[in-house]
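With chain A held as given, fit chain B with the ligands onto it using these hints.
Going down the list, the protein sequences come from chains A and B. The end of the first sequence is residue 328 by full-length UniProt numbering, with every number in the run present. The end of the second sequence is residue 313 by full-length UniProt numbering, with every number in the run present.
Keep in mind that the hints were calculated from the coordinates and are not lab data. Using N, Cα and C, we set each Cβ at its ideal position, and we do this for glycine too. Hints may contain errors.
[Said to hold, decoys possible] Facing chain A, a subset of chain B residues (Cβ under 8 Å, in silico):
#1 ASP210
#2 ARG213
#3 THR221
#4 ARG232
#5 ASN233
#6 PRO237
#7 ARG309
If you want the building blocks of each chain, they are given just below.
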Amino acid sequence: MPEPVLSLGDLQVRFRSNRHVLRAVDGVGFDLMAGQTLGLVGESGCGKSVTSLAIMRLLPTPPAEIAGGRIIFEGKDLLQLSERRMRQLRGGRIGMIFQEPMTSLNPVYTCGDQIIESLRRHSGLSGKPARDRAIELLDLVGLPSPERRVDDYPHQLSGGQRQRVMIALALANDPAVLIADEPTTALDVTIQSQILDLLRELQERTGTAILMITHDLGVVAETCQAVAVMYAGTVVERGEVGALFADPQHPYTIGLMAAVPRMDTDRGRLVAIPGSVPPPWQPIAGCRFASRCPLADDRCRRDRPPLDAIAPGHEVACWKAPIDGDRP
Amino acid sequence: MIETILNRIVVSVPVLFGVLFLGFALVQLAPGDPARVQAGPTAPPEVVERIRQEMGLDQPVIVQFGKYMERLAQGDLGRSLISNKTVTSELAAAIVPTIELMFASLIWSIPLGIAMGTLAAVWRGSLLDRIIMAISVAGVSLPIFFICLLLIQLLGVKYPVFPFIGRGGPIWTAEGLRHLVLPALSLGLIFIGPVSRMTRSSVLEVLRLDHVRTARAKGLTEPQVILRHGLRNALIPVVTLVGLQIGYLLGGAVVTETIFSYPGIGRLAVGAILSSDFPLAQGTILVLALGFILVNLIVDILYARLDPRVQKK
Ligand SMILES: Nc1ncnc2c1ncn2[C@@H]1O[C@H](COP(=O)(O)OP(=O)(O)OP(=O)(O)O)[C@@H](O)[C@H]1O
Ligand SMILES: [Mg+2]
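So that you can see chain A by itself, here it is in the shape it has in the complex (with noise of 0.2 Å):
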């Protein structure tokens, strides 16, 4: 029985505004166990980057503000962990990459640099050891003569490289739990496979367990065990990658299902479900897909469903699930 490594329970983030309350995320929670990988999925805008650097302790604050929740990470609840623990942990036992390698990393310095200043901070390594590990860190993302590499400047490499020195910036401290948020979105098709095989790989290898935002549903479906789909701020259903693509239960999931194009179109665009997210400051009473789905009723509109189980390892937030066979 594997352990959940991070483990998230009714995490409310909030941005205060003068005009209003924004819930970015409001209720989201996930076992993500040792060793595997978790998908959180969802549409633009519904709080899977709120999510991830909540879990960083990484929001602006203010405006945001985390009203409620755990996010507990080796036994430890990290939103009462002292600024200092958190900064030990950050780049150490939890390593991050981003949506924009293009911008990620530091202009002035070289890869190499900017991998031995994560080293020296956590390993405690410098001088000739830590070129050494640092080369050899590119080296294990794929980074083609890496002995030379890591003196090159981030403006000399090409997107998919530099989402490889984000990677082994991210693994340079072996992390138990790597955030990968959408790695492969800014990325072209043919690059955004090989980023992906890599980040498997050397899962295969480290043992790291894996976060992984995507808006894109083939993406989990190459790459987790485990998923949470996300709509507005909340998790409205998840599982074991299996059970949920072989009978998902939430009428959003079902339309994202359908939404997936397929080879030849845009990927994962999830623009097939009619409507569109309500706003996120309007406070909503029932289930906050009511106003898109096609089977809501009376009760739907006012009161939340709360996550059930519908099966082993499989939970859904639908006052209809279980819904059979016939689809909307």
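Same frame as chain A, but now just chain B with the ligands:
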């Protein structure tokens, strides 16, 4: 890098030529008669006329300029009409004090301006930010002569802490330093405003960039993030600004040296122009132009060192 420097030098030649010609023409236009200066106030008109012909002042400006350039090419800048010393020796005596003044002005004002701008950016919107910005606006809007007079009045006359006339000796002597304090304070103050404002906006901009988030995600402390990944990147536009501002600094040096009777190039230039001492005036213009070109060269080199994206082109 060497290539860039050589390139710069080649480009500078026509600039230097143009500045010299403009300076030459302007000095000609200025009121005053060098021949009369040379002959002395009591000389009869026919003597003045003879001297004018000897000096070649009766010829067209362009011919005079040609002759001047010819002599310049041989390293001959002529003699001062007033002191009769060679212009080269006059310039040599004035250049060290001016370099000392520049150095003493920049050595404190640029770091202070950068520090103020960074603090204001990190605590933007705070009282500290507002105070710093108020100081820098004052620094930008007060004319340099006013700052000089204010400092003299305050620290020279009311509380006579520092001398405010002349130079006390080389910069490494106590007297030399004491005499430098007020001029260097005045001249440096004009840098505080632009440098701190530019640093503030540049740091603010950089701190919003993605790579700063990466730095935080590495577990660096906030000072490390701000200095290594914020300020370090933000310095690139600041260096450019400083380069552009050096022109003002040279202009400011003329005013400052004159007010403090400080024997540098600036005061030499003003004196020469006011007394129609053509050769000397032209010599100071040459030195100032060379100084400007040299400073810009240094700025270019610094810029390339700060921004690796520049070097490769
Ligand atoms: N600094 C901020 N201030 C105010 N609101 C914010 C801030 N950052 C994010 N938000 C809001 O939080 C919500 C969730 O944003 P988030 O970036 O997490 O979306 P996402 O799921 O990552 O989308 P994408 O797929 O486009 O990356 C959005 O409505 C966004 O406007
Ligand atoms: Mg995002």
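Hint check results:
Look at B/ASP210: its Cβ gets to within about 4 Å of chain A, closer than 8 Å, so that hint holds up. The beta carbon of B/ARG213 comes within 7 Å of a beta carbon in chain A, closer than 8 Å, and the hint placing it at the interface holds. Annotation: B/THR221 was flagged as interfacial toward chain A, and the flag holds, the nearest CB pair being 7 Å apart, inside 8 Å. Taking 8 Å as the C-beta cut-off, the interface hint given for B/ARG232 holds, the closest approach to chain A being about 6 Å.
A hinted interface residue such as B/ASN233 counts as satisfied when its beta carbon comes closer than 8 Å to some beta carbon of chain A; here the least separation is about 6 Å, so the hint holds. The beta carbon of B/PRO237 comes no nearer than 13 Å to any beta carbon in chain A, farther than 8 Å, and the hint placing it at the interface is violated. Contact between B/ARG309 and chain A, as hinted, is supported at the beta carbon level, the nearest pair being about 5 Å apart and thus within 8 Å.
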